[in-house]
Amino acid sequence: MSALTIRGLRVSVEGVEILRGVDLELHSGEVHALMGPNGSGKSTLSHALMGRGGYVVTGGSVTLDGEELLGQPTWERAAAGLFLTHQYPVEVPGVRLLDLLDAAAGVDEVALRAEAQRLRVADDFLGRGVNVEFSGGEQKRAETLQLALLRPKFAILDEIDSGLDVDALRDVSRRIEVMSTEDGLGVLAITHYSRLLTELRPDRVHVFMDGRVVTSGGPELADELERSGYEGLAEGLGVESLRVTVPEESDPFADPGF
Amino acid sequence: MAVKGIDLGGYQLGWHDSTDDYVYTPKKGLNETIVRDISGHKDEPEWMTKFRLNALKRFERKPMLDWFARNMPDIDFDDIYYYLKPTEGQVSDWDDLPDDMKNTYEKLGIPEAERKFLAGVTAQFECLRGSTLVWTDLGMRPIKELEPGDVVFSLDEATKQVVPAPVNAVGCSGDKEVFEITARGRTIGASANHPFLVLRDEREPGRQRARFATSWVPVEDLRVGDFVAVATDLPAFGQHAPLLIPERTDAFRVPHYTNVDLCWWAGLFIGAGYLKHSEGYTTVQIAVDHTDAELVDEIIRVSRELFSLDFTLARDGQRLTARGTAALAEFIEMNGLGGTAHTKRIPDWAFGLTQPERLALLAGYVDADGYVRDDATSKDVTLSSASPSLLEDARRLGALCGIHSSTVIEVKSRHSLDPTRIMTRYHLHFSGRSDRIPCRSPRRVARMGRRSFVHTYRSVDGTTLRAHTSDMLGFVRIEGIQSVGVEPTYDIEVAGHHNFVAEGFVVHNSEVVYHKNREDLEKQGVFFTSMDQAVKDYPDLVREHFGTVIPPGDNKFAALNSATWSGGSFIYVPPGVHVEMPLQAYFRINAENAGQFERTLIIADEGASVHYVEGCSAPVYSTDSLHSAVVELIAKPGARIRYTTIQNWSPNVYNLVTKRARAETESTVEWIDGNLGSKLTMKYPAVVMTGPKAHGEVLSVAYAGAGQHQDAGAKMTHAAPETTSIIDSKSISKDGGRTTYRGLVRVEEGAHHVKSHVRCDALILDDDSRSDTYPYMEVDEKDARIGHEATVSKVGDDQLFYLMSRGLSEQQATAMIVNGFIEPVTKTLPMEYAVELSRLIELNMEGAVG
Chain A
1 MSALTIRGLR VSVEGVEILR GVDLELHSGE VHALMGPNGS GKSTLSHALM
51 GRGGYVVTGG SVTLDGEELL GQPTWERAAA GLFLTHQYPV EVPGVRLLDL
101 LDAAAGVDEV ALRAEAQRLR VADDFLGRGV NVEFSGGEQK RAETLQLALL
151 RPKFAILDEI DSGLDVDALR DVSRRIEVMS TEDGLGVLAI THYSRLLTEL
201 RPDRVHVFMD GRVVTSGGPE LADELERSGY EGLAEGLGVE SLRVTVPEES
251 DPFADPGF
Chain B
1001 MAVKGIDLGG YQLGWHDSTD DYVYTPKKGL NETIVRDISG HKDEPEWMTK
1051 FRLNALKRFE RKPMLDWFAR NMPDIDFDDI YYYLKPTEGQ VSDWDDLPDD
1101 MKNTYEKLGI PEAERKFLAG VTAQFECLRG STLVWTDLGM RPIKELEPGD
1151 VVFSLDEATK QVVPAPVNAV GCSGDKEVFE ITARGRTIGA SANHPFLVLR
1201 DEREPGRQRA RFATSWVPVE DLRVGDFVAV ATDLPAFGQH APLLIPERTD
1251 AFRVPHYTNV DLCWWAGLFI GAGYLKHSEG YTTVQIAVDH TDAELVDEII
1301 RVSRELFSLD FTLARDGQRL TARGTAALAE FIEMNGLGGT AHTKRIPDWA
1351 FGLTQPERLA LLAGYVDADG YVRDDATSKD VTLSSASPSL LEDARRLGAL
1401 CGIHSSTVIE VKSRHSLDPT RIMTRYHLHF SGRSDRIPCR SPRRVARMGR
1451 RSFVHTYRSV DGTTLRAHTS DMLGFVRIEG IQSVGVEPTY DIEVAGHHNF
1501 VAEGFVVHNS EVVYHKNRED LEKQGVFFTS MDQAVKDYPD LVREHFGTVI
1551 PPGDNKFAAL NSATWSGGSF IYVPPGVHVE MPLQAYFRIN AENAGQFERT
1601 LIIADEGASV HYVEGCSAPV YSTDSLHSAV VELIAKPGAR IRYTTIQNWS
1651 PNVYNLVTKR ARAETESTVE WIDGNLGSKL TMKYPAVVMT GPKAHGEVLS
1701 VAYAGAGQHQ DAGAKMTHAA PETTSIIDSK SISKDGGRTT YRGLVRVEEG
1751 AHHVKSHVRC DALILDDDSR SDTYPYMEVD EKDARIGHEA TVSKVGDDQL
1801 FYLMSRGLSE QQATAMIVNG FIEPVTKTLP MEYAVELSRL IELNMEGAVG
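Those sequence lines, one after another, are chains A and B. Here the first sequence is numbered in this note's numbering, starting from 1 and rising by one per residue. Here the second sequence is numbered in this note's numbering, starting from 1001 and rising by one per residue.
Rather than coming from a laboratory, the hints here were simulated on the basis of the structure. For glycine and all other residues, C-beta sits at the position ideal for the given N, C-alpha and C. Hints are supplied without guarantee of correctness; some may be wrong.
[Claimed, not checked] Partial list, derived from the structure: chain B residues whose beta carbon lies under 7 Å from chain A:
hint : residue
1    : Phe1051
2    : His1611
3    : Tyr1802
4    : Ser1805
5    : Gly1807
6    : Ala1815
7    : Met1816
8    : Glu1823
[As the list claims (entries may be wrong)] Taking lysine to aspartate or glutamate pairs in the EDC-like style, the calculated list, with each CA pair at most 16 Å apart, reads:
hint : chain 1 : residue 1 : chain 2 : residue 2
9    : B       : Lys1755   : B       : Asp1798
10   : B       : Lys1536   : B       : Glu1044
11   : B       : Lys1636   : B       : Asp1605
12   : B       : Lys1176   : B       : Glu1580
13   : B       : Lys1276   : A       : Asp183
14   : B       : Lys1636   : B       : Asp1728
15   : B       : Lys1794   : A       : Glu91
16   : B       : Lys1144   : B       : Asp1175
17   : B       : Lys1276   : A       : Glu182
Construct the complete structure from the given sequences, taking the supplied hints into account.
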């Protein structure tokens, strides 16, 4: 049983504080949903956890089974068992998925083809450059394929539902559910739609506003959110601002969601 | 000046490195006396002396082009040795190469085949694809990883027995078209000339009775439905494997070498065991079915024997546990038996065990996880797993024990509790002599004993093949033969019976007939020699073509070369002759302050084809060296020339090369250009298309690191109708390096229906580096179709972050992005050059070369 523990995490980008004390605890086999409006800092959290350059940690800690991840380079966090499915997977021309997975974890072709079949990924797509000319659905299937083959302890799904049609969403969700129930994968699913939640069936739901978790609860919290919207919920909780205010014309690292 | 070119057997250019050995050293500088001296020492005909002197005048009169001059330092043409006559020697063997050159090759990892090639000998290879699994006494191993001395299995055709045989030699045989042959769950990829042992009906026409006879038939003559030989069993082989023992053994005891019980236990653990991690320590547990009491007792007995541990049935009746299993857990991890249901594998050491041990391991696995189908006609042993890789291991282990099986099959089913969930499992059926598997669970054994039919591949459709088969040799029908494209291929030479077992098939090994390339070339009427020698040996041919593509007055550096040239290659390929192996020469600048002015002329006569490869390297000297070569190619009607350069000069060389080809009617000329070294390179390979439907192509890769400037590009002159050209340029700059693409596409009046496509991509690895693009077009025909694409990209933080988030270090990620970027060019190269190019770029990025 592993644990991913985030305590009081504060992160600035270009001198602007985006994360303002995030607390979360995740265990093996659990599925947590992190929901929040655009601009609330959700994607910043995913990038900061993975150690992307330009995200300056100003406080707090992130530990995986007691080991501090902050300060470690990205690949060491990956080696420790953290995985990020990217919201906008970048194209890497000339590098095949197999080359990448082989270099990352010595994954062989037999395993890759078997997993590809499972996720209904066409064979020709394995021979193309990573994410090159992939459709939205193909991108997210490919992200899930890598997740399934690299077998991390914890996966952060950054808006894995964006750009997915209903069938792809179901395939991807099923696969992740199996990983969570059979292999004990811990999942932090970041989204701003409740659509993903009906497929993934999370154990816990966290609402993220103004750079921090403002309230947490069971699956029923998602239903409440559906009814009252973020604004309504914010009002009820006495949260003043939904979004983190970022000065105009700044932030080259900002996600397109900002 | 010294030139080092290694030719195939007789290239007169095997010079020494030390300047002391030069038998003639003129003064530095350039004037008429020096030029006359050079010509005199070479004992040249009058016309060549005149050619040189004419060129010298033009050199003196030509101004330096401005944009050229801007990039150039002040070259002091009077401070260069234009000619050093070295002592002559000949290199005919790899071992005779100078050490520093050998070191470079070794650093690059140049494959054996190319080293032999350099030494002037090659082997005639029949080949298999690199991933082909060869059956060896250490298990099944990819052919490309075999080494001389490894033991494979070989068929003795006289006794029809399979026997162990050592490998004599291994070779990579380049990229070849591969055909995939499938037969009864077996698949192998082989080149068209690779022979298989085939049983064919060779009855005379009109005869009723079949007359089967065996013969070796190459893939190109195989047909679907032919019977090919397969090994159905192997002789006893293998040995006990040493085991890794944890340091802390407490009450724990374990054999130091494998035995049958341990292997059975290991197989059982792979099937049913798991390690449970909790509260900082790990315990070993084995899932069991308590109703199979005999099996449970046997596990308890064997565990006590092996490890002195007392396993007992847990209260739930579903698993065995014991006290103090932490050290055993460590033992399991150390010996490769650990992992989850998805990651467990049969460890490598198991494949080389003795036959009883291999069978015991398989039996343990079947006892744990197998199912014997109790069916009147089919009593397969079925293994089921979440991991296709593990089943593939079991399949291979079975085959090494003479037990044939199906391929790994994917099976989907609904979850018993939640029917919306689809479960994916994989199955493997042992259909061969599964009664060999010494299972210990009475449930399995009872059913196996009743097995009535075993496929032995000794009869087909009622016809007995028994006379041609044995307990180790069978025949199966070919179900498919299909070309699957070009792949790197390999072969081995086996002592004794000259065949071996790969992917279950009996295949012939290569007849390694070493022969001098030179003799082959002579037989075909090809001339391949140094340019100096050609002037003497083929005066008419040289005089007719020399300086006709690049006249002495073409540019200042071409004039300099024309006045002072020395060395280089001359190739003439007669009409219709195709030279199969690439011809090559390596050049080096060896003396400080020596210029190198080699001159190459290649003529491919009508319908001929040739591929020439030049590689360059230079030791580092303290002062700057000048390299100014001239290369002329002439492709007569219908001919094809490919010229590949991998330039890796040391970083103080000025590399100013004029390369131009004349492409006549329907001919093709391709320049493939890798520029990695030098301080400054200015090189624009050109193709002048003088005949209709000629085609020109330039593919180039440039890498500029600290202090380097690669100014490279291409020129395409379309002087005839319906001519076509392609320019594909990739450049990479790093650590303040600078790359420039400079290209010209020119369509002359009257050249209608011309098509040309230019693509140049630049990759900039950091903020200090720079890339510029100067494309020029001069088009005098309206119907010309010219495409141009250019991209400049930085290795984005986003690409790096993406790859690093998968666990790659920054250096690995950068190398992967760069290799992906040049992939469109490397895929056109013969494999050893593609490897060399990628490797050179990697070494350069690490700063390990130069």
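Evaluation of the provided hints:
Using the Cβ-Cβ criterion of 7 Å, the hint placing Phe1051 (chain B) at the interface with chain A is not satisfied: the shortest such distance is roughly 46 Å. For His1611 (chain B), the interface hint is violated, since its Cβ never comes within 7 Å of a Cβ in chain A; the closest pair sits about 24 Å apart. Contact between Tyr1802 (chain B) and chain A, as hinted, is supported at the beta carbon level, the nearest pair being about 5 Å apart and thus within 7 Å. With a cut of 7 Å, the hint placing Ser1805 (chain B) at the interface with chain A holds, because the nearest CB-to-CB distance is about 5 Å.
Annotation: Gly1807 (chain B) was flagged as interfacial toward chain A, and the flag holds, the nearest CB pair being 4 Å apart, inside 7 Å. The criterion of a C-beta within 7 Å of any C-beta in chain A is not met by Ala1815 (chain B), whose closest approach is roughly 9 Å, and the hint is violated. Nearest Cβ of chain A to the Cβ of Met1816 (chain B): about 5 Å, under the 7 Å cut. The hint holds. This hint holds: Glu1823 (chain B) has a C-beta 4 Å from the nearest C-beta of chain A, less than the 7 Å allowed.
Simply put, Lys1755 (chain B) and Asp1798 (chain B) have alpha-carbon atoms about 37 Å apart, too far for the 16 Å limit, and the pair is violated. For the hint pairing Lys1536 (chain B) with Glu1044 (chain B), the CA-to-CA distance comes to about 7 Å; that is within 16 Å, so the pair holds. Note on Lys1636 (chain B) and Asp1605 (chain B): the hinted pairing holds, with a Cα-Cα distance of about 5 Å set against a maximum of 16 Å. Our distance criterion of 16 Å between C-alpha atoms is met by Lys1176 (chain B) and Glu1580 (chain B), whose separation comes to about 12 Å.
With a C-alpha separation of about 13 Å, the suggested pair Lys1276 (chain B) and Asp183 (chain A) falls inside the 16 Å cut-off, and the hint holds. Distance hint between Lys1636 (chain B) and Asp1728 (chain B) is unfulfilled; the C-alpha atoms sit about 24 Å from each other, more than 16 Å. Taken as a hint, the Lys1794 (chain B) and Glu91 (chain A) pair is honoured in the structure, with Cα atoms around 13 Å apart against an allowance of 16 Å. For the hint linking Lys1144 (chain B) to Asp1175 (chain B), the alpha-carbon distance of about 13 Å falls within 16 Å, and the restraint holds.
Between Lys1276 (chain B) and Glu182 (chain A), the direct Cα distance comes to roughly 14 Å. Compliance with the 16 Å bound is thereby established for this hinted pair.
Checked against the numbered hints above, the structure breaks hints 1, 2, 6, 9, 14 and satisfies the rest.
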